[in-house]
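Asks: Since the structure of chain A is already known, use the hints to place chain B on it.
Number of protein chains: 2
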Amino acid sequence: MKVIKTIPQMRDWSRQQNSNGFSIGFVPTMGYLHEGHLSLIREAKKHAQKIVVSIYVNPTQFAPGEDLDAYPRDFKRDEQLCAAEGVDAVFYPSNEEMYLPQHKTFVITEELATKLCGQSRPTHFRGVTTIVAKLFNIVQPQVAVFGQKDAQQAIIIRRMVEDLNFPVQIITAPIVREADGLAMSSRNKYLSIRERQEAVFINRSLELARKSFSSGIRDLEAIRAQMEALLQKNTSARIDYIEFTDAETLGRPMPQEAPVLLAVAAYFGKTRLIDNTILE
Amino acid sequence: MKVIKTIPQMRDWSRQQNSNGFSIGFVPTMGYLHEGHLSLIREAKKHAQKIVVSIYVNPTQFAPGEDLDAYPRDFKRDEQLCAAEGVDAVFYPSNEEMYLPQHKTFVITEELATKLCGQSRPTHFRGVTTIVAKLFNIVQPQVAVFGQKDAQQAIIIRRMVEDLNFPVQIITAPIVREADGLAMSSRNKYLSIRERQEAVFINRSLELARKSFSSGIRDLEAIRAQMEALLQKNTSARIDYIEFTDAETLGRPMPQEAPVLLAVAAYFGKTRLIDNTILE
Numbered sequence: 049m050k051v052i053k054t055i056p057q058m059r060d061w062s063r064q065q066n067s068n069g070f071s072i073g074f075v076p077t078m079g080y081l082h083e084g085h086l087s088l089i090r091e092a093k094k095h096a097q098k099i100v101v102s103i104y105v106n107p108t109q110f111a112p113g114e115d116l117d118a119y120p121r122d123f124k125r126d127e128q129l130c131a132a133e134g135v136d137a138v139f140y141p142s143n144e145e146m147y148l149p150q151h152k153t154f155v156i157t158e159e160l161a162t163k164l165c166g167q168s169r170p171t172h173f174r175g176v177t178t179i180v181a182k183l184f185n186i187v188q189p190q191v192a193v194f195g196q197k198d199a200q201q202a203i204i205i206r207r208m209v210e211d212l213n214f215p216v217q218i219i220t221a222p223i224v225r226e227a228d229g230l231a232m233s234s235r236n237k238y239l240s241i242r243e244r245q246e247a248v249f250i251n252r253s254l255e256l257a258r259k260s261f262s263s264g265i266r267d268l269e270a271i272r273a274q275m276e277a278l279l280q281k282n283t284s285a286r287i288d289y290i291e292f293t294d295a296e297t298l299g300r301p302m303p304q305e306a307p308v309l310l311a312v313a314a315y316f317g318k319t320r321l322i323d324n325t326i327l328e
Numbered sequence: 049m050k051v052i053k054t055i056p057q058m059r060d061w062s063r064q065q066n067s068n069g070f071s072i073g074f075v076p077t078m079g080y081l082h083e084g085h086l087s088l089i090r091e092a093k094k095h096a097q098k099i100v101v102s103i104y105v106n107p108t109q110f111a112p113g114e115d116l117d118a119y120p121r122d123f124k125r126d127e128q129l130c131a132a133e134g135v136d137a138v139f140y141p142s143n144e145e146m147y148l149p150q151h152k153t154f155v156i157t158e159e160l161a162t163k164l165c166g167q168s169r170p171t172h173f174r175g176v177t178t179i180v181a182k183l184f185n186i187v188q189p190q191v192a193v194f195g196q197k198d199a200q201q202a203i204i205i206r207r208m209v210e211d212l213n214f215p216v217q218i219i220t221a222p223i224v225r226e227a228d229g230l231a232m233s234s235r236n237k238y239l240s241i242r243e244r245q246e247a248v249f250i251n252r253s254l255e256l257a258r259k260s261f262s263s264g265i266r267d268l269e270a271i272r273a274q275m276e277a278l279l280q281k282n283t284s285a286r287i288d289y290i291e292f293t294d295a296e297t298l299g300r301p302m303p304q305e306a307p308v309l310l311a312v313a314a315y316f317g318k319t320r321l322i323d324n325t326i327l328e
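Listed in order, the protein sequences are those of chains A and B.
Its first residue numbered 49, the first sequence is counted upward by one per residue in this note's numbering.
Its first residue numbered 49, the second sequence is counted upward by one per residue in this note's numbering.
Honestly, the hints are just simulated from the structure, not real lab data.
Here the structure is a predicted model, which means the values were calculated and not measured.
Take the hints with a grain of salt, since some may be wrong.
Said to hold, decoys possible - Mimicking DSBU-like on lysine-lysine, the simulated pairs with C-alpha atoms at most 35 Å apart in a straight line are:
no.: 1; chain 1: A; residue 1: Lys318; chain 2: B; residue 2: Lys152
no.: 2; chain 1: A; residue 1: Lys94; chain 2: A; residue 2: Lys163
no.: 3; chain 1: A; residue 1: Lys281; chain 2: A; residue 2: Lys94
no.: 4; chain 1: B; residue 1: Lys318; chain 2: B; residue 2: Lys53
no.: 5; chain 1: A; residue 1: Lys152; chain 2: B; residue 2: Lys124
no.: 6; chain 1: B; residue 1: Lys259; chain 2: B; residue 2: Lys152
no.: 7; chain 1: A; residue 1: Lys50; chain 2: A; residue 2: Lys163
no.: 8; chain 1: A; residue 1: Lys94; chain 2: A; residue 2: Lys237
no.: 9; chain 1: A; residue 1: Lys163; chain 2: B; residue 2: Lys163
no.: 10; chain 1: A; residue 1: Lys93; chain 2: B; residue 2: Lys152
no.: 11; chain 1: B; residue 1: Lys50; chain 2: B; residue 2: Lys152
no.: 12; chain 1: B; residue 1: Lys124; chain 2: B; residue 2: Lys94
no.: 13; chain 1: B; residue 1: Lys124; chain 2: B; residue 2: Lys318
no.: 14; chain 1: B; residue 1: Lys152; chain 2: A; residue 2: Lys259
no.: 15; chain 1: A; residue 1: Lys124; chain 2: A; residue 2: Lys53
no.: 16; chain 1: B; residue 1: Lys94; chain 2: A; residue 2: Lys152
no.: 17; chain 1: A; residue 1: Lys93; chain 2: A; residue 2: Lys50
no.: 18; chain 1: A; residue 1: Lys152; chain 2: B; residue 2: Lys259
no.: 19; chain 1: B; residue 1: Lys94; chain 2: A; residue 2: Lys53
no.: 20; chain 1: A; residue 1: Lys152; chain 2: B; residue 2: Lys163
no.: 21; chain 1: A; residue 1: Lys318; chain 2: A; residue 2: Lys152
no.: 22; chain 1: B; residue 1: Lys237; chain 2: B; residue 2: Lys281
no.: 23; chain 1: A; residue 1: Lys152; chain 2: B; residue 2: Lys318
no.: 24; chain 1: A; residue 1: Lys152; chain 2: B; residue 2: Lys93
no.: 25; chain 1: B; residue 1: Lys152; chain 2: A; residue 2: Lys163
no.: 26; chain 1: B; residue 1: Lys53; chain 2: A; residue 2: Lys152
no.: 27; chain 1: A; residue 1: Lys53; chain 2: B; residue 2: Lys152
no.: 28; chain 1: B; residue 1: Lys53; chain 2: A; residue 2: Lys94
no.: 29; chain 1: B; residue 1: Lys152; chain 2: A; residue 2: Lys94
Chain A on its own, in the form it takes in the complex (with noise of 0.2 Å):
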């Protein structure tokens, strides 16, 4: 397995698999890797002969004051984890590789990035739609991989896709969940052993909203009341949000004739933490 530092070491890797005939996959992550981001990789070699997993905190989707230094971060553990999967190269860039001192270029996915967590975090998803175009123009691959529990982000990076025109397909894969049922997240490794406890009340939360969906209830707002009990008699969390939208359009939902994202954000101390489940 390569570990490529250089863009232009990058893009030469990438053609050169190409030219012999051998299609890209690619799985964009900030490292720390857990069986979640493993899951994609495992996506990823069904659909491209040659695997690609860039490692990289990208800083301009942190804004002032959240854990852009604090995110966890262990290079070495993810080089073997991605060597045990079968990975072809591992992209692990500088700051200084991606961004240069006169960065002026975003792109930008107008209100789809302002609502769910777009709301707490408002240039977040600015960050992401700019770091995924500027990797896709690097790596250039065929398929990317993105995970389900990022529900906002694959909407986005799907929309952003078809709007640019990028010759890339998207795959998104379903969450990972601990024994217990919390997604996995690199953020998790940041929670009190009481935090870890309580917070596998979102999945819980998610469950029952699930159960009352399947019984027949279409009344959103009381689908968002159990929830929240269910949440604040558990819990010591503060919820950032639970939200129904459109699962594909991220619009006001339509629960009788299209799929619904439930999406769930809470503060678990400092730690906010995200999941959610397709009502259909």
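Replies: Chain B in isolation, oriented as in the chain A frame:
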């Protein structure tokens, strides 16, 4: 010469050329071609083996009330001119092909897009960067040629390409002028006979500035005043701006140290014309 109207066909054509070992040179235009455009095509031929010209009046770079509907179009003539220049493919898509109803994604270049022409056309450059990003992803050229007439556009495109890591070499080709010095522009067609006669004074004001600069004058305000006086004496034009910026960054001009972009925009009747020169 092939005329291609759909994105998948354009992609296939480019892929075919590349896999046959041919490099692609690209000249994006809004059609109604003149000698300025043809000079870009000739420049592109020096750098690439196959030439694509796009002809598309991009709606997102026009604001409401601007001249989108009036913008001159003559595809048959453009097609003949391209064929005569040895262009290999003309990409001529419809609006429906280029912008989906659910389009949300734009490429922005922050304050670069708010200076000079961005003051009177605040959404213009995000339309330009967005369509150029789309066209680059569709045509996948190795080289693209832009005209120095749109100096701010050329600077912004270079910034975008570097910031988003597009694998495209950008070439800027010199301004082509009519015999009397007026910079060629599809919008010159809008001018009345009298406006056409007056419009030559834009270039004369730039010549005056170059002469003053060559003679050692570094007081840019004094140069601006000379230009304004010349235009006011000889035309009924309304000056939109006469501005001096750094020729690479659009930042503060440093006439003692670095090339200065001197850019002019003025209205002759309803027609807004732009022109520029480099002082060094």
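Asks: Among the hints numbered above, which are violated by the structure, and what are their numbers in rising order?
Replies: 3, 5, 6, 7
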